[in-house]
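There are 6 protein chains.
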Amino acid sequence: MFRHTSNLQFEAKPDKPDALFAMKLQELIGGAWGEMTVTMQYLFQGWNCRMEGKYKDMIMDIATEEIGHVEMLATMVGRLLEGAPDDVTAEAVKDPAVAAVVGGMNPQHAIVGGGGAVPADSVGTPWNGKYIVASGNLMADFRANVAAEAQGRLQTARLYHMTDDPGVKQMLRFNLARDTVHQNQWLAAIQQLKEDGLEDTVVPDALFDEENQEHARTHWHLSDGGEADRGPWASGQAPDGRHSFEYMADPSPLGGKASAPAPQPHQYVTSRRDSSDASKQPSQDKSAAEKIKDTFQ
Amino acid sequence: MFRHTSNLQFEAKPDKPDALFAMKLQELIGGAWGEMTVTMQYLFQGWNCRMEGKYKDMIMDIATEEIGHVEMLATMVGRLLEGAPDDVTAEAVKDPAVAAVVGGMNPQHAIVGGGGAVPADSVGTPWNGKYIVASGNLMADFRANVAAEAQGRLQTARLYHMTDDPGVKQMLRFNLARDTVHQNQWLAAIQQLKEDGLEDTVVPDALFDEENQEHARTHWHLSDGGEADRGPWASGQAPDGRHSFEYMADPSPLGGKASAPAPQPHQYVTSRRDSSDASKQPSQDKSAAEKIKDTFQ
Amino acid sequence: MFRHTSNLQFEAKPDKPDALFAMKLQELIGGAWGEMTVTMQYLFQGWNCRMEGKYKDMIMDIATEEIGHVEMLATMVGRLLEGAPDDVTAEAVKDPAVAAVVGGMNPQHAIVGGGGAVPADSVGTPWNGKYIVASGNLMADFRANVAAEAQGRLQTARLYHMTDDPGVKQMLRFNLARDTVHQNQWLAAIQQLKEDGLEDTVVPDALFDEENQEHARTHWHLSDGGEADRGPWASGQAPDGRHSFEYMADPSPLGGKASAPAPQPHQYVTSRRDSSDASKQPSQDKSAAEKIKDTFQ
Amino acid sequence: MFRHTSNLQFEAKPDKPDALFAMKLQELIGGAWGEMTVTMQYLFQGWNCRMEGKYKDMIMDIATEEIGHVEMLATMVGRLLEGAPDDVTAEAVKDPAVAAVVGGMNPQHAIVGGGGAVPADSVGTPWNGKYIVASGNLMADFRANVAAEAQGRLQTARLYHMTDDPGVKQMLRFNLARDTVHQNQWLAAIQQLKEDGLEDTVVPDALFDEENQEHARTHWHLSDGGEADRGPWASGQAPDGRHSFEYMADPSPLGGKASAPAPQPHQYVTSRRDSSDASKQPSQDKSAAEKIKDTFQ
Amino acid sequence: MFRHTSNLQFEAKPDKPDALFAMKLQELIGGAWGEMTVTMQYLFQGWNCRMEGKYKDMIMDIATEEIGHVEMLATMVGRLLEGAPDDVTAEAVKDPAVAAVVGGMNPQHAIVGGGGAVPADSVGTPWNGKYIVASGNLMADFRANVAAEAQGRLQTARLYHMTDDPGVKQMLRFNLARDTVHQNQWLAAIQQLKEDGLEDTVVPDALFDEENQEHARTHWHLSDGGEADRGPWASGQAPDGRHSFEYMADPSPLGGKASAPAPQPHQYVTSRRDSSDASKQPSQDKSAAEKIKDTFQ
Amino acid sequence: MFRHTSNLQFEAKPDKPDALFAMKLQELIGGAWGEMTVTMQYLFQGWNCRMEGKYKDMIMDIATEEIGHVEMLATMVGRLLEGAPDDVTAEAVKDPAVAAVVGGMNPQHAIVGGGGAVPADSVGTPWNGKYIVASGNLMADFRANVAAEAQGRLQTARLYHMTDDPGVKQMLRFNLARDTVHQNQWLAAIQQLKEDGLEDTVVPDALFDEENQEHARTHWHLSDGGEADRGPWASGQAPDGRHSFEYMADPSPLGGKASAPAPQPHQYVTSRRDSSDASKQPSQDKSAAEKIKDTFQ
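Protein chains in written order, with the UniProt record's numbering: chain A, 1 to 297; chain B, 1 to 297; chain C, 1 to 297; chain D, 1 to 297; chain E, 1 to 297; chain F, 1 to 297.
Keep in mind the hints are simulated off the structure, nothing from the lab.
Keep in mind that the hints are not guaranteed to be accurate.
For chains that are exact copies, the list does not tell them apart, and a pair is met inside one copy or across any two.
[Said to hold, decoys possible] Capping the alpha-carbon separation at 30 Å, the derived lysine-lysine pairs in DSS-like fashion look like this:
#1 Lys94 / Lys16
#2 Lys13 / Lys94
#3 Lys13 / Lys194
#4 Lys13 / Lys257
#5 Lys13 / Lys169
Bear in mind the structure is a predicted one, so any value in this text is a computation, not a measurement.
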């Protein structure tokens, strides 16, 4: 269960409105790497976590913080939209600076949101549930979390250079800081998973004996750039300590032809057999009983 | 420019068809963490890479390999669908094993694909471009790549236990191996980025002086699980070597109230002012000229 | 079956083109609360209606009218796009008013639609079937209809202030009027459902004896804003006449811990058990037979 | 800012697992009318609310409660998935009851979620931001909220009949109750908005003098069902007290022909002029300067 | 403007319900090639048509017919769902035939639609506006229409073999017939466009002198299948009568390296320059004025 | 399996950057009719092709070429974005030409892509898998391919007029040429399918005896435009040589009323029966056993 305090985790007050920047800032709310994503990703990871204790507690602490980040950003967007020139017609524009706003602002901020934030990104694409992952495997998920915080801080840094507003920049400095600490935290947690013997470098830490060993160490050189063999990914010991990389300079396919099986007549798929008389007689198709027998024998 | 050989990178021959497993295997083709994702993610990363040389060449080698993985899986799905009982009516089902197939197979495999694979996941959600990222920052992107390979190998491992078919398992063993080597490779590349002095632990390696230092090291304890302070993410040195974690056991909000500004009358947003006479007179709204002046002063 | 007359329900002639407003007006065509939504929502509600007679006939009358509204708006958008400066390069722009149009117009109006409307909203997000509902329960659906007409009239009113064009405003005055009458009609129909004894205030009008009575009247105070108890939703009789509201000023959770069950070994989910030897041996997983027995016992 | 307690608002313990019902229950998590929808809808409405005080406080109380409902449902889904037969092949199925589960369970629960809930609906469609609205106009939004709670309780009631599990039914009884109280609360709030003089019946409460009065009261009879005139939506006073309904038994279109304007040559749109020599000479298109002049004259 | 008659264009009565087939039949309602697609595609094409007369009139006749096809299919789905075993738990299933239905039916038919059709396809993916095209160029659009009718008839033919129900088959025979006539009609219209001198074989019939002639006739052999030169697409006269095909057996790339330009420092993109001191000093980035000058010189 | 050469198929060098055109050019990368679409459409068609030999080889040649087209366009977009004024605030804009760029450029090019292309269209909608079809029926698919190349060349021609940049125009001339040759090739292949006796005009070439003959030749006149009978689609022999068109000037519906069946009590659907006492007693619903019997008798 959750509780809410109406104070923001950190202040979100622009010095003055800027509808064009409001549109851009939506990327941090509803973008693929925005705060709705980390909120929902961490919540579902926490709820799906199979171990009571420090990992789950840490996930839930950060998840709960992230809901408050969506709140900060939504508040900031609303304030940036104050007095936005949403009813200025193009014809009335006399100033290039206004032209950039009138042409560039998000029309849904006015028409749909009435001057408030929307759960979408900087081009108006709505947030969706496929942006998140909660697999239950903490190593796989913490890596996704590191990636999310890295992309998130990168986007925040880019947005930091797109505004001169001292109030906005003050909030973004807080956001940058939180993305820094969260990157560090997920990296520390990854290390701890190894130290606790819960997971190892390669996810999942299993099936190595089953997997095709000779293919678990080779780099297939398939593009004619000539320097792919100059990195530590092409020779030497792999990070998992189990494999030695091998560079295949001129690899050949190992499989046979990529062919498709004969179609069933009732599917009207083009094929040699399809053009024969038989193809016009789906009734000659196998009986359901025969088909069933085929399927399980 | 690309070239194609009609031989598969690795064999993709099931011992016998299995339409139910074909549906599940779609997750590795068009799922958020499937082969279409890594194909497109690596291709766009390679095309957007700003440094000629080893990194770009490595990315393009692996990207090109991944196209061939989509091909292997699409071929496998087509072969698993051979003779699928897609025209068996529910009423005709007499065997529980057949019932599971008839109820569980993907109807679009028959109706849309005519017995072939589709660019969608195991529940039929189409692949979309938001699954990938190519930010230009190699550290951020390689972390997303490690995460993708980890989630991908995890899903492959789960699918490995959902089939008994020796031919399918043989191919999945190859897929597992490739996901192992690729995880190792992206991890090695992350290390190399640091050694080459191109990027550091926290992404991006900049703006530290600007960011709010006191907030770049604190864990906010906001969920009442009591053990979040027992991990290395709550105290001690952070992985970036720049910060010392600090656990805030009872943090208070730093910001003011999360309020929204007064609305514009012509937006018909409910507010005190909105209920006054003024709100019924949008003509008293500021002129475009005044609004513009506000915006840029 | 439907028939069409090539005359519009109401005139849709702008005095002059305005490509920027054309983009905004798309919200009323393909937005979540636009005319495609009410068209499809009412059509599916009419087709799914289980009572012949006045309700169904009314739904189908309005549904059929709405198809004509999409037609009016698509016609208007096409006319607003006449002669749009879609081939003016940014470099050639010398006038701020033109800059707003060139930067702000929807590129798909030119590239995809060739100067015609598209089935999308004002930021280009395509209309989709999840915008509508037709549940078969007329009370639930008529409430969704009132909401749709209210949001629709609100958006129309906002757009009304974004143009000075007399021809556009004339059409929008008609749209406003139709949204007024439809709001009134769905409200009247909700009242009639009650009078006919078909549905009551709370949807569905059933399961009250089953539902947890003590929780059917309480307001949980979970956010520290202090005035939520000052409205009629916190005390006094509820609109359904069945319940008396009760304000819980300091509610405690009623459930136990939000924990997740132990994972199955073959899922490679991180857990204590997962880190033991057993976790590396999925073959020790229960047999299918045992699993089945578990599931149904 | 938010805080979290690890106890659930209400208990979420099934008596035994049921993977098929887990799939269905996803509708209440990530469906268009599920708990993620009301969570996000109320949060954004609260953040965008322009009046401090009772309305905003009430919205935030309920919004905060709804996050906890997603938590309850996600917890329930995870527990229902315990020991799901996700690795049982179709061929191994010997029992019809198992066949229904093996064919009917959501493959992503196993492959993607590792036995945990996903942010999607009962057919796997991911939740998206277009499901919610926060327009700033409280009357419009509260109506959307009533509709959401009505559809939500209806779906919960349907799901209530799809399970015999006492533990699941106990939780659903709580959900039903909360949907009852929330329907009542939003209805009470709608009434209060009127009593406070903030909004009136028709949304928005403005532009009546501008709107086309004669069209603000007529029912257009456009479908040949003959009983649409028998309801209070076709005659008598409208709910807003401003209009008297009028039934137009045989309405004629008021507008002219739905024609599209002449295309621009460089768009290669098929037209009479397009087939002339001129159409092959886009260079004869108007200059940018002329086009601009057209646009704003 | 549209009118509706409550009689169906053709009868839609199944002999008995079949919830599993109802799910499959949704492909023809809300699938990418279903009736919602042709309805909306033809409506928008008609509204965007720039020539009054026979083409537009034909498009609108067929478009109006298609709305009625959605109606027929929605009616059929509703009737197929009558008495669907949506409240049968898996555990209660004793019969394989029932297992296939209980596992295979669309849960949203019950939970969301209350026994009625939904605007989605056979796996529950909602219809969306990107399925249609209305470009204004009739040749391009009529080809899309032929393709749509061909895919539609193909899917209908496949569904025809998935049911034994005489009533369903009777309706599908009508659907097949309409898809036949519409394929023929769009093909006839394509021929007529040429005869009327409005469009020619290649779309658009312009820019041939501008386009790179030597590349307008060559087949690039890039996949090692050896028989691509054996068809009329590799040699001889092309269908447009303007070109002679040429088979390039061993083509070489004509362009230079696929490199990306140097990044801007404030974007934090990994690059050699990025690793220098300069990269840490975005303030050394060019001024806005210089940047603007660059852009337009 | 695929291989890659780092040289582009054709040069992709703009004379100077143009961030506004970069946004528009995205339509050819990730639009519904862009190069990602033809790439994936042809790849899946090739992989699903059921006949080894010339058709499959031709498809795979063209498919492989198209991957290289995505590469060319992504490279061009990256170069057009060089030095884009993404950090210029609206307030700083002094020049109308810059205003058009600042307002009109895609914010995700900067925030997400770091100056590189994204897998989306010109309004930022992500590419998705529903844009493609691979049905196995080559006639149906080749028609979709002709349509795709026609829409693609049309869009390219429109974009050709939106830029003055010689380098961009040079590349677009190559793209136009390739779209010309591919249109011709798919048309030639359609002809060849007929000559090889594999498919005929109407897709699929089957079920004619089953389909409702009298409805396979009629044009239903349902819109009051008066000239639909003046084309070859309304009389004379149909293109398939099997049917003679017939114009139905005043057609009547052939079916009965579009009614829906009685609902099940536990669905809480509004109906006469629903309002009776019975409707409040779902326990009187039929037993599962009876329901099952109903379904299959």
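Going through the numbered hints above, which ones does this structure break? Give me the numbers in ascending order.
Result: hint 3 breaks, nothing else.
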